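Residues per chain, in single letters:
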Amino acid sequence: MPRPTPKSSNSFPRSRGTQAFARPQGQADELMELAVDAAESRQLPEFLERFAKRAARMLEAKWGGVTVFRGRETDLYQTAGGEIQLEAPQQSAIIRWARENRHEIEVLPLLTEPALSRLPDAAAAVVVLVPITASDQETLGSLCLLRVRKTLNEVERRLLHALASHAALSLENFRRFSQLERSKRQWVEDIDAISDYIVVHDRSWRIVRTNRSLASHLGVPPAALVGEAMSSLRQIAETGSELPCPFCRDTQQAREEYVVASPERIFLVSTSRAPGLSDDDTRTIHVLKDMTDRREAERRYRELFDSIQEGLFFATPDGRFLDVNDAMVRMLGYSSREELLRADVGTHLYPVPAARDRFLRALAERGVLRNYEETLRRKDGTLLHTLQNITAVRDAAGKIAQIRGLMLDVTEQKTFQSQLQRERDFNQKILNTTQSMILVLDTAGLISYANRRCFESGYREDELIGHRLVDWVEASHRENFEAALETTAHGHQVENLEPRVRRSDGSMGHFSISLSPMRDEQNIVNSVVVVMTDITDATLLQAKLAHSEKMASIGRLVSGVAHEVNNPLAAILGFTDLLLENPAIPAAAREDLQIILHETQRTKDIVQDLLSFARQRPVQRELVHVNAVLRQTIKLRSYDFASHGVEVSEDFDENLAPAVGDAQQLQQVFLNILNNAYDAVQEAGQRGRISIRTQRRGDLIEVAITDNGTGVSDPERIFDPFYTTKQAAKGTGLGLSICYGIVRAHGGEILCGNNEDGRGCTFMVRIPIANEAAAATIAKEAGR
Amino acid sequence: MSLQSRVHVGSPILLIEDEPSVTAFLRAALERRGYAVVNAASGAEGLERLTDGQYSGVISDIRMPGSVNGAEVHAWIQRNRPELCARIILISGDTANSDTQALLAQSGTPCIEKPFRVHQLLTVVEKTFGKP
Numbered sequence: 001m002p003r004p005t006p007k008s009s010n011s012f013p014r015s016r017g018t019q020a021f022a023r024p025q026g027q028a029d030e031l032m033e034l035a036v037d038a039a040e041s042r043q044l045p046e047f048l049e050r051f052a053k054r055a056a057r058m059l060e061a062k063w064g065g066v067t068v069f070r071g072r073e074t075d076l077y078q079t080a081g082g083e084i085q086l087e088a089p090q091q092s093a094i095i096r097w098a099r100e101n102r103h104e105i106e107v108l109p110l111l112t113e114p115a116l117s118r119l120p121d122a123a124a125a126v127v128v129l130v131p132i133t134a135s136d137q138e139t140l141g142s143l144c145l146l147r148v149r150k151t152l153n154e155v156e157r158r159l160l161h162a163l164a165s166h167a168a169l170s171l172e173n174f175r176r177f178s179q180l181e182r183s184k185r186q187w188v189e190d191i192d193a194i195s196d197y198i199v200v201h202d203r204s205w206r207i208v209r210t211n212r213s214l215a216s217h218l219g220v221p222p223a224a225l226v227g228e229a230m231s232s233l234r235q236i237a238e239t240g241s242e243l244p245c246p247f248c249r250d251t252q253q254a255r256e257e258y259v260v261a262s263p264e265r266i267f268l269v270s271t272s273r274a275p276g277l278s279d280d281d282t283r284t285i286h287v288l289k290d291m292t293d294r295r296e297a298e299r300r301y302r303e304l305f306d307s308i309q310e311g312l313f314f315a316t317p318d319g320r321f322l323d324v325n326d327a328m329v330r331m332l333g334y335s336s337r338e339e340l341l342r343a344d345v346g347t348h349l350y351p352v353p354a355a356r357d358r359f360l361r362a363l364a365e366r367g368v369l370r371n372y373e374e375t376l377r378r379k380d381g382t383l384l385h386t387l388q389n390i391t392a393v394r395d396a397a398g399k400i401a402q403i404r405g406l407m408l409d410v411t412e413q414k415t416f417q418s419q420l421q422r423e424r425d426f427n428q429k430i431l432n433t434t435q436s437m438i439l440v441l442d443t444a445g446l447i448s449y450a451n452r453r454c455f456e457s458g459y460r461e462d463e464l465i466g467h468r469l470v471d472w473v474e475a476s477h478r479e480n481f482e483a484a485l486e487t488t489a490h491g492h493q494v495e496n497l498e499p500r501v502r503r504s505d506g507s508m509g510h511f512s513i514s515l516s517p518m519r520d521e522q523n524i525v526n527s528v529v530v531v532m533t534d535i536t537d538a539t540l541l542q543a544k545l546a547h548s549e550k551m552a553s554i555g556r557l558v559s560g561v562a563h564e565v566n567n568p569l570a571a572i573l574g575f576t577d578l579l580l581e582n583p584a585i586p587a588a589a590r591e592d593l594q595i596i597l598h599e600t601q602r603t604k605d606i607v608q609d610l611l612s613f614a615r616q617r618p619v620q621r622e623l624v625h626v627n628a629v630l631r632q633t634i635k636l637r638s639y640d641f642a643s644h645g646v647e648v649s650e651d652f653d654e655n656l657a658p659a660v661g662d663a664q665q666l667q668q669v670f671l672n673i674l675n676n677a678y679d680a681v682q683e684a685g686q687r688g689r690i691s692i693r694t695q696r697r698g699d700l701i702e703v704a705i706t707d708n709g710t711g712v713s714d715p716e717r718i719f720d721p722f723y724t725t726k727q728a729a730k731g732t733g734l735g736l737s738i739c740y741g742i743v744r745a746h747g748g749e750i751l752c753g754n755n756e757d758g759r760g761c762t763f764m765v766r767i768p769i770a771n772e773a774a775a776a777t778i779a780k781e782a783g784r
Numbered sequence: 001m002s003l004q005s006r007v008h009v010g011s012p013i014l015l016i017e018d019e020p021s022v023t024a025f026l027r028a029a030l031e032r033r034g035y036a037v038v039n040a041a042s043g044a045e046g047l048e049r050l051t052d053g054q055y056s057g058v059i060s061d062i063r064m065p066g067s068v069n070g071a072e073v074h075a076w077i078q079r080n081r082p083e084l085c086a087r088i089i090l091i092s093g094d095t096a097n098s099d100t101q102a103l104l105a106q107s108g109t110p111c112i113e114k115p116f117r118v119h120q121l122l123t124v125v126e127k128t129f130g131k132p
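As given, the protein sequences belong to chains A and B, one line each in that order.
My numbering numbers the first residue of the first sequence as 1 and each following residue consecutively.
My numbering numbers the first residue of the second sequence as 1 and each following residue consecutively.
The set of hints was computed from the structure by calculation and includes no laboratory data.
All values derive from a computational prediction rather than experimental measurement.
Backbone N, C-alpha and C fix where the C-beta goes; we use that ideal spot for every residue, glycine too.
Any given hint could be a false lead.
Partial pick of chain A residues on the chain B-facing surface, computed with a CB cut under 8 Å [what the hints assert, rightly or not]:
1) ALA571
2) LEU573
3) ASP577
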């Protein structure tokens with residue numbers, strides 16, 4: 001690197017240096033003045049500039065400067081108005097050297113640094129660096145001097161040390177002072193930043209200081225209030241204090257705290273008293289905290305707390321209320337808040353202690369209980385059903401310190417609910433135990449509900465629910481039934497429909513049905529309740545009763561008629577006989593008389609049969625073995641059966657008990673039925689089959705005679721006198737009527753029905769088994 | 001036989017029957033066989049004649065209008081004319097009646113049911129009263 005040629009214009013004249021700095025009388029004076037300057041100076045830069053200038057003068061330097069280290073930064077203060085002013089690169093070079101040489105006095109030639117080598121007389125000049133070291137050995141900065149003479153003598157070195165010591169002392173002082181200033185300023189700023197009003201006054205009630213909040217409340221700068229009387233602050237809040245300070249109450253107390261309220265604001269006044277600067281002074285510090293908003297919030301909270309309809313409480317885990325609201329007091333039936341606060345929660349409110357334990361356990365476990373149902377006891381002992389929302393407040397150790405809760409009185413709902421439940425259960429029971437089938441249809445006639453009875457009757461849920469009830473009704477009754485549904489849908493009840501309805505097993509039954517409209521809240525019919533009862537048995541019974549009444553009255557009628565007919569018949573028959581005995585009667589007349597005789601005989605037979613049917617006399621009373629009677633009867637016709645290919649099968653219960661009655665009459669009955677069967681299978685024109693079965697059915701002997709003949713067109717009327725489907729010649733039409741009379745006289749019943757397979761019919765004869773007493777009596781009579 | 005010996009053989013048969021046509025027929029049939037016949041049109045009249053006259057036997061209808069029926073005639077004869085006890089023939093138009101049944105079963109009295117043939121009648125009459 002070529003060494004820069006010094007410029008003549010910027011020459012460093014040695015002679016002028018001595019002229020520029022008038023030497024003072026001596027070094028000692030300079031140092032004295034320096035000390036005074038240091039003590040008096042308040043501004044560090046100016047002092048350091050003067051210091052640099054003085055040092056340069058004392059050491060015959062062309063330029064003097066002081067570097068001050070502030071962390072990584074370095075400030076350079078140089079001789080103001082001196083012979084040489086360093087430019088920025090040259091200052092940087094000096095600063096770098098200063099930072100590199102922090103411990104000893106160094107003398108460095110200018111030429112070693114390019115930036116400095118351009119200075120006049122650079123070749124001959126040096127920089128003297130003197131570290132400025134604080135009392136704690138920290139290097140605070142350096143004194144830097146630029147001079148032509150290259151060496152330092154001992155006197156100069158001592159002088160430089162002395163100067164460095166002065167500089168160190170001054171820098172340390174300045175640093176402390178500025179720290180103090182800074183922290184003082186910070187303190188004021190902090191105080192000013194506090195929104196609470198702060199005022200400090202002395203013993204003579206004069207304001208020493210206020211913060212900005214207080215001053216701006218009054219609309220003045222804080223400094224304006226210093227020295228004013230405390231009484232001037234009365235406008236902030238009227239406290240009622242008679243002392244000159246509105247915020248002081250008892251000046252003997254080191255601390256005071258109370259709340260004062262003015263019409264607009266509420267303040268919490270905290271007062272501290274501390275010794276002042278002098279012994280006989282006391283500083284009183286008032287801090288006024290504006291609590292207006294907090295108080296308002298508190299008031300609102302309290303209002304809410306008390307006006308809310310739900311019970312609110314704060315309680316301790318050991319069972320004391322800390323606070324409760326009015327609703328809570330009312331709910332639990334206490335006369336006042338205080339009374340409830342005295343109550344022991346565990347023993348007074350809980351009907352059973354276990355419930356309280358359960359509650360505490362649940363709370364400890366979960367911390368929060370939502371919609372917790374609890375039954376509590378009111379003061380008067382009645383039960384209170386509650387719904388609670390509880391929060392546990394825990395202490396630092398995690399133990400429950402407080403229980404906070406909200407409580408709803410659900411007693412009424414609970415009572416209503418249980419009443420509803422009871423009613424529902426009751427209705428359910430009725431629905432489930434009634435012997436009637438109950439169904440609900442929607443307006444489209446689809447089944448939406450069926451009670452248990454329906455399923456007990458064998459119907460399946462999937463064939464009822466969602467299906468049309470009318471489909472179960474016999475086709476011929478459907479139109480009627482639909483019309484009835486329509487009527488019900490219009491809001492009218494329909495009673496005592498008696499359609500035939502298909503049972504679950506496919507058979508048709510006779511049902512009594514009532515339809516009732518069910519209305520919704522708007523009184524609109526939205527469904528139909530159907531009550532169905534299978535009255536087939538009842539209908540049957542009724543039909544039987546009607547039939548037997550009919551038969552009885554027919555019996556009375558024919559009995560009377562027969563008797564009346566018998567007299568003229570007796571005369572006709574008798575005189576015909578007498579005429580026939582008369583030899584004078586010509587042969588032609590005799591033939592006519594024979595016809596009269598024959599027809600009279602026929603008439604007589606009819607009347608005899610009528611009388612048999614109507615016969616009221618008791619049958620012969622003897623023990624009758626029905627199987628034996630049947631076998632005998634079959635024997636009577638066996639020739640006919642065999643010769644006409646009619647097969648007769650017997651299925652007899654051989655242990656059948658005897659009946660009491662007239663064997664001959666019963667034989668007449670069975671013969672009659674067999675004759676009917678024979679005629680029927682002959683008429684059907686196929687291979688005839690007659691099966692006879694006997695069995696015991698309760699206290700009855702049942703004889704079933706089944707044929708595969710033509711069947712009967714009207715089983716209901718077959719026992720009516722003169723009802724016959726046979727050709728006129730085949731009988732009087734009284735055969736089965738006579739059977740009916742005989743069986744009835746035996747205390748039994750005779751029934752006829754077409755077979756379910758559609759072929760032929762079955763006659764059923766049921767007569768009572770002889771009870772033991774009757775059997776014994778008869779046996780005794782027979783033995784006599 | 002002692003009772004029977006007191007019966008006046010040859011005396012007429014008392015016929016108690018309310019139905020005139022039947023009465024006419026019975027009378028004709030019996031008289032043609034040689035029996036004498038006295039007839040009464042009611043039970044009450046029959047009892048009157050029984051009180052007054054002598055009869056070889058009594059033929060009575062069971063069911064008759066009026067205060068006295070065949071059963072009562074039978075009972076009266078049992079009490080008052082024991083000699084005629086075995087000489088009664090009852091005529092019934094209706095054996096279904098339980099009273100009739102009881103009466104017949106109890107006494108063993110022969111009974112002819114209407115309507116009947118002439119020979120049926122004469123067989124019973126001859127058997128009970130003897131030939132005329």
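Here's how the hints hold up against the structure:
1. Annotation: ALA571(A) was flagged as interfacial toward chain B, and the flag holds, the nearest CB pair being 4 Å apart, inside 8 Å.
2. Given hint, LEU573(A) at the interface with chain B, holds; its Cβ is 4 Å from that chain's nearest Cβ, closer than 8 Å.
3. For ASP577(A), the interface hint holds, the least distance from its beta-carbon to any beta-carbon of chain B being 4 Å, beneath 8 Å.
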